[in-house]
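Novice: Construct the complete structure from the given sequences, taking the supplied hints into account.
Here the protein sequences line up with chains A and B, keeping their order.
First residue of the first sequence? That's 1 in the working numbering, and the numbers climb one at a time after it.
First residue of the second sequence? That's 1 in the working numbering, and the numbers climb one at a time after it.
No wet-lab data here; the hints were simulated from the structure.
On a predicted model such as this, the values are computed, not experimentally measured, just so you know.
Hints may contain errors.
[What the hints assert, rightly or not] Just a few of them, taken from the derived set where beta-carbon distance is under 8 Å, the chain A residues facing chain B:
hint : residue
1    : G3
2    : L46
3    : L52
4    : L70
5    : K73
6    : A85
7    : Y87
8    : H89
9    : R103
Beta carbons: idealized from backbone N, C-alpha and C, even for Gly.
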Amino acid sequence: MAGLQLKGITKKFDDVIAVAKTDLEINDGEFLVLVGPSGCGKSTTLRMIAGLEKPTDGEIFIGDKDVTYLEPKDRDIGMVFQSYALYPHKNVYDNIAFGLLIRKFPKEDIKKRVLEAAEMLEITDYLDRYPKQLSGGQRQRVALARAIARHAQVFLMDEPLSNLDAKLRVQTRAEIIKLHQRLKTTFIYVTHDQTEAMTMGTRIVVMKNGIIQQIGSPTKIYNNPSNVFVAGFVGSPPMNLIQGKLVKDKEGFSFISTNISIPLSLDSASLAENKDVILGIRPESLIVTDVNAKDICFTCQVEVVEHIGAEAIIHTKIDNGEKVTLKVSGYNTLPKFGEVIGAKFDLGSIHIFDKDTELCLVSLNIK
Amino acid sequence: MIKRGFSLIWSFILAIVLGVTLVWTLFPIYWMISTSFKTNMDVFKMPLDLWPKEFTIQSYINLITNDITPIGKFFINSVITSLGTVLIAVILATFAGYALSRLNFKYRKSILMGILTTQMFPLVVLLIPLYILYVKTNLLNTYTGLILAFTSFTLPFGIWMIKGFVDSVPVEIEEAAMVDGCTRFQSMRLVVFPLIIPGVVATGVFAFLDAWNNLLFPLTLINEVAMKTLPPGMILAFGGEFKHDWSGMMAASVIVSIPVIVIFIVIQRYLVQGLTGGAVKG
Chain A
1 MAGLQLKGIT
11 KKFDDVIAVA
21 KTDLEINDGE
31 FLVLVGPSGC
41 GKSTTLRMIA
51 GLEKPTDGEI
61 FIGDKDVTYL
71 EPKDRDIGMV
81 FQSYALYPHK
91 NVYDNIAFGL
101 LIRKFPKEDI
111 KKRVLEAAEM
121 LEITDYLDRY
131 PKQLSGGQRQ
141 RVALARAIAR
151 HAQVFLMDEP
161 LSNLDAKLRV
171 QTRAEIIKLH
181 QRLKTTFIYV
191 THDQTEAMTM
201 GTRIVVMKNG
211 IIQQIGSPTK
221 IYNNPSNVFV
231 AGFVGSPPMN
241 LIQGKLVKDK
251 EGFSFISTNI
261 SIPLSLDSAS
271 LAENKDVILG
281 IRPESLIVTD
291 VNAKDICFTC
301 QVEVVEHIGA
311 EAIIHTKIDN
321 GEKVTLKVSG
331 YNTLPKFGEV
341 IGAKFDLGSI
351 HIFDKDTELC
361 LVSLNIK
Chain B
1 MIKRGFSLIW
11 SFILAIVLGV
21 TLVWTLFPIY
31 WMISTSFKTN
41 MDVFKMPLDL
51 WPKEFTIQSY
61 INLITNDITP
71 IGKFFINSVI
81 TSLGTVLIAV
91 ILATFAGYAL
101 SRLNFKYRKS
111 ILMGILTTQM
121 FPLVVLLIPL
131 YILYVKTNLL
141 NTYTGLILAF
151 TSFTLPFGIW
161 MIKGFVDSVP
171 VEIEEAAMVD
181 GCTRFQSMRL
191 VVFPLIIPGV
201 VATGVFAFLD
211 AWNNLLFPLT
221 LINEVAMKTL
231 PPGMILAFGG
241 EFKHDWSGMM
251 AASVIVSIPV
261 IVIFIVIQRY
271 LVQGLTGGAV
281 KG
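Specialist: Below, the structure written as structure tokens:
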């Protein structure tokens, strides 16, 4: 078991910068999730940690050891690939045992470890089978067993669930979390799925265009997104982002847009009058109200209503053409297509982002 | 009813097409076997007999007892040069194909195209320069010289074939092997090689057939009788300006074909996999 350190790690492919100068410290035993849209550099970062890509610049430490220029085999890592990458010509037992065999473990030791890993992932019944005789979920378990059988210091996972169907994904997700709790080893997990990131990580690193946008616990990332990108990326459906201006009166600043006026009742040094800003509010922080209600924040026209069991997502359009989404729970009467409804803030936070730098200026709790 | 009638006609057409193709392909072989059992008088008789009127195995007896033209020696020469070619071509093609598929180095594409370009020259064009080269390097009338010539001729195809097979092995499998503790060479030997065996076998078979059937190289580069391989040897033994021992030549052909047929029967399974496997990314 060991922590990890990336110091100014950079990767360029010809002229394209895949990962810009990045510093990252990963604690021993942590479940760190790298998340971001495709092409954000998350996989490249993971592959540099694995030693499958050589960094253009910077250093990588596993524990106290500088591994920047070591071969993958000398780094003591286990890795799970998106495509499982099982050895098609070896049966399940030999797939799991291969790494131990190469490292010249004694035979009894290999058997013990293979069986232990197989038991942990409940694949003991398939040890004689070949990869092509297994289902996708079973293959992924074999890949996980292969990674853990060696008791490596760090486990790297590159989108291990994205080839599985939805139900199996949720199930395997829970199993990986359990596995982490049991092994207490450092896990570094790459995904483009923010739900996976939120549910699995003890800490999340949000990346975009090779640059880390924010590092923090799932709650922190969700409640205090550091910029517009993080705000829009994390959460399902994503945060509503409405463009407008700040106006100041004696009660403090207010947010003004075409037909929206929201008193923020706060004075902060980071705010300035007449500044172009973006207001961020999560769909679940809005509730449907009567158009004539006093405490209404704005009115909007319903475009689509999506039912998802106990909840419904209402997609609407406000006067200036911007889209606003509301997430309502319960089986209340839902508005119909074309209907004009009122929206007001419920529990949650409002975030004010600078329109130019896209950075979060202030987050404040409602009520 | 209409459908059934249609499928009957279809089956009938299919049977005819298959039959014609089969006769077209197998008749020469039948003719070879049948001629080998004819007397030399019968061979030139008009109209031709489909089956020997006078069935004789004299040609086969001549083949064994004849000591002027040592068919046995030709056979051994063919075996040595063909197997030598197979061994060298397979090893070189495997490494080169792997490197050209997996490693990223300068001029990789140009090298690949260069290798392909060599296949565009007809063999005959290369014979005279090769002969001069061999005279200067004392490679005439040697197994080494012949094996080198065969190998250079068969290698480009082998490299492309193996490259295709390695391409079809996902890179992640090798990456997994390297994370598991393999060096590049180990991952090639223990993970990639077992997966491309059909390709290696197919390459080997092609190299063998190229060498076994090649007439022009041994005809030009070998002029000592004792060093000749079967194809030029048989021309020497049974053909010539004033003699045409067709039944003798056919008897020899039958004997020569047997090892090739045996090889095909044994490795047919791999070969079919090999011919299709590389292309469809099985």
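Novice: If a hint holds in the structure, say so; if it doesn't, say that too.
Specialist: Hint-by-hint comparison with the structure:
no.	hint	verdict
1	G3	19 Å, violated
2	L46	11 Å, violated
3	L52	5 Å, holds
4	L70	11 Å, violated
5	K73	4 Å, holds
6	A85	4 Å, holds
7	Y87	6 Å, holds
8	H89	5 Å, holds
9	R103	5 Å, holds
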